[in-house]
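Trainee: The lines below spell out each chain.
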Amino acid sequence: MVKKKREQTGNSAIMLQDEPTVHAKPSEALQRALEDISSRPDVAGYILRTGATATVKLKTQANLTDYALLSSEMQDFAEKNAEKLALGKATSLLVETENAKALLLLNDAGSISIFMAKTTDHTEILPALTT
Amino acid sequence: MSGEVNAAVLSNVLNEYGKVCPDTYHIFLLSANDKILASDQNTTSEDAERVAHEFATLKRYARFMGEVEMLRLDGDKRWLSIARVEDCYVANVAQPGADEKTLNALTRVLIPAALKLARLMDAQLTEKAEGQAQKPPSEEVDESSQKQSKEVSDLSPARVELPEYQFMVEPVRGIRGLIGLSDTVYVDSATVTRWNSLYAEKKAAWVIVKTLKGKAVRCRYKPMRNPAVDGKGLINIPEKILTVLDAKKGDLVTVKPVIE
Chain S
74 MVKKKREQTG
84 NSAIMLQDEP
94 TVHAKPSEAL
104 QRALEDISSR
114 PDVAGYILRT
124 GATATVKLKT
134 QANLTDYALL
144 SSEMQDFAEK
154 NAEKLALGKA
164 TSLLVETENA
174 KALLLLNDAG
184 SISIFMAKTT
194 DHTEILPALT
204 T
Chain P
2 MSGEVNAAVL
12 SNVLNEYGKV
22 CPDTYHIFLL
32 SANDKILASD
42 QNTTSEDAER
52 VAHEFATLKR
62 YARFMGEVEM
72 LRLDGDKRWL
82 SIARVEDCYV
92 ANVAQPGADE
102 KTLNALTRVL
112 IPAALKLARL
122 MDAQLTEKAE
132 GQAQKPPSEE
142 VDESSQKQSK
152 EVSDLSPARV
162 ELPEYQFMVE
172 PVRGIRGLIG
182 LSDTVYVDSA
192 TVTRWNSLYA
202 EKKAAWVIVK
212 TLKGKAVRCR
222 YKPMRNPAVD
232 GKGLINIPEK
242 ILTVLDAKKG
252 DLVTVKPVIE
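Protein sequence lines correspond, in order, to chains S and P. According to my numbering, the first sequence is numbered sequentially starting from 74. According to my numbering, the second sequence is numbered sequentially starting from 2.
The hints are simulated quantities; they were obtained by calculation from the structure and are not laboratory data. Incorrect hints may have been included.
[Stated by the list, open to error] Each computed DSSO-like pair below joins lysine-lysine, with the alpha-carbon atoms no more than 30 Å apart:
hint	chain 1	residue 1	chain 2	residue 2
1	P	Lys78	S	Lys157
2	P	Lys102	S	Lys162
3	S	Lys162	P	Lys78
4	P	Lys20	S	Lys153
5	S	Lys153	P	Lys102
6	S	Lys191	P	Lys102
7	S	Lys162	P	Lys36
8	P	Lys78	S	Lys153
9	S	Lys132	P	Lys60
10	P	Lys60	S	Lys157
11	P	Lys20	S	Lys162
12	P	Lys36	S	Lys153
With the sequences and hints as input, model every part of the structure.
Mentor: Dropping the structure here:
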């Protein structure tokens, strides 16, 4: 039986944890980079998935479910289409809409989805997360 | 019918796109409601439909941020991009190092031009269909087309007519225009091969070329030899026949082979 634990960190970070969990803990450098990115005024927040854990940090809780579902769907889209179209191992997915951008980065440990304003240059964000 | 014309025109354009950018593996066009409009020869409809289905789901989940305008999925071997162009989406798969500047330019220039052309053809066909529907049968044939119809009806009952194909008029130019046969049109070589394979033992010796205005002429034909115009939905017609048909470059004509 899966027990869910909800933990609030700061104003808006929510950690949803399924137990039992075996996962790699995100490195301190990654957590620091994510904190820096999410503090930018043009970034709405991020969702970090490692193993069965998801860390959600959004500036507003209004669309929390929408962001979580989109993040999950993006991961699904990336994995399925990378296989179908022989793209190799999916590394990133960028979705640009009329009003915003969502960037998904994938690696062996899990995935990071970052939600930002349409005007944000996502290439500025990438180096901090890929190094 | 018009849908087929659209798909044929667009597929030709997508194949050309692939030739200009050899680093492109697949390219296909999706409508706003995720239907496959056309795809290049490397893309199976099954592949395109699967991507379209996944993309439709993703768009639904992203709607709270507005309509999706662009998507880019990077893999370690290739990448997929889906970009909105007018009211359609252009999807292409290419390898890292592909000339993205050229790809973007083609996507933003070539595809809208092709869509415009396909829609124009669509409108011409709709107009033709509406015109035919409005005219009572007794008034359907005007004087000029009566003559032409007579010419067409001269075909003996023993003759078998194959399905019609539509092409865009391209006048015969250059040396062929001067020394070529004035009663012969040059038809897309793939279409001629198709006719030959349909009726292997009987050969279509003539074709009936008909304009949307109803003027028709029966003439000889030959397969195109010029790779610059072959396979692009065009028909090379000499000036003499164009005058009879009262047609000009860019007009849409139907071509019907006749076998005896």
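Trainee: Give a verdict on every hint.
Mentor: Tested hints:
1. Of the pairs offered as hints, the one joining P:Lys78 and S:Lys157 holds, with about 13 Å between alpha carbons and a cut-off of 30 Å not exceeded.
2. As the CA atoms of P:Lys102 and S:Lys162 are separated by approximately 24 Å, the hinted pair is consistent with the 30 Å bound.
3. Restraint check for S:Lys162 and P:Lys78: satisfied, since their Cα atoms lie roughly 7 Å apart, inside the 30 Å limit.
4. For the hint pairing P:Lys20 with S:Lys153, the CA-to-CA distance comes to about 28 Å; that is within 30 Å, so the pair holds.
5. Restraint check for S:Lys153 and P:Lys102: satisfied, since their Cα atoms lie roughly 27 Å apart, inside the 30 Å limit.
6. Of the pairs offered as hints, the one joining S:Lys191 and P:Lys102 holds, with about 21 Å between alpha carbons and a cut-off of 30 Å not exceeded.
7. Between S:Lys162 and P:Lys36, the direct Cα distance comes to roughly 27 Å. Compliance with the 30 Å bound is thereby established for this hinted pair.
8. Restraint check for P:Lys78 and S:Lys153: the C-alpha separation of about 15 Å stays at or below 30 Å, so the hint holds.
9. Proposed proximity of S:Lys132 and P:Lys60 is supported: the alpha carbons are some 23 Å apart, at most 30 Å.
10. Taking the CA atoms of P:Lys60 and S:Lys157, the gap is about 19 Å. The hint holds against a cut of 30 Å.
11. Taken as a hint, the P:Lys20 and S:Lys162 pair is honoured in the structure, with Cα atoms around 27 Å apart against an allowance of 30 Å.
12. For the hint linking P:Lys36 to S:Lys153, the alpha-carbon distance of about 19 Å falls within 30 Å, and the restraint holds.
In this structure, none of the earlier numbered hints is contradicted; all agree with it.
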